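Make the full structure from the sequences, and use the hints.
When you number the sequence shown by the numbering used here, it's gap-free, plus one each residue, and the end is 149.
This list has only true hints and no planted wrong ones.
Here are the in silico distance ranges between beta carbons for each label pair: (1) A125 x R60: 24 to 34 Å; (2) H80 x A25: 43 to 53 Å; (3) D100 x P13: 25 to 35 Å; (4) A49 x G84: 39 to 49 Å; (5) W58 x A30: 21 to 31 Å.
I should point out that these hints are in silico values taken from the structure, not numbers from a laboratory.
Small disclaimer: the values here were computed from a predicted structure and weren't measured.
The C-beta atom is built at its ideal place from N, Cα and C for all residues, glycine as well.
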Amino acid sequence: MEEAYVERLSVPLRWWALAVMFWATLLLAFLIAMPPLAAVALVAALTALNALFFLSWGRAEVSLLDGVFRAGRASIPAHLLGGAEPLDEEATRRVVGVDADARAYLLLRPYVGRAVRVRVEDPADPTPYWVVATRHPGTLAACLNGTA
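Structure (structure tokens):
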């Protein structure tokens, strides 16, 4: 039986709360410095841009469905993958930092500290591995390895 996995890397609630507090503080500063209508209009427009950014950034999806592994916009047939290794926060920093390979495919988000490294076994693909952020690295690695 083929394993299925789907995860959306949405922006966490605490980031939304911080953004609301930031824009509320900026609104107070702008209300002192400029006409109220202009201040409200400016902050409303900037808040809307911030929300659109968070929504678009949080649309990244990691999935293993129908024999295809997808990470963001990239996809690869699962039969072209080697072993998957779950990474904790320290290992993730190391793999994308000092031990990084410039040819690797990375799907990372700053609010997701853990990841999975998946070897690519396709001889026609110069990418040695993918590093994909996930909140559940053990589960994703198990699904990719077929041992879930």
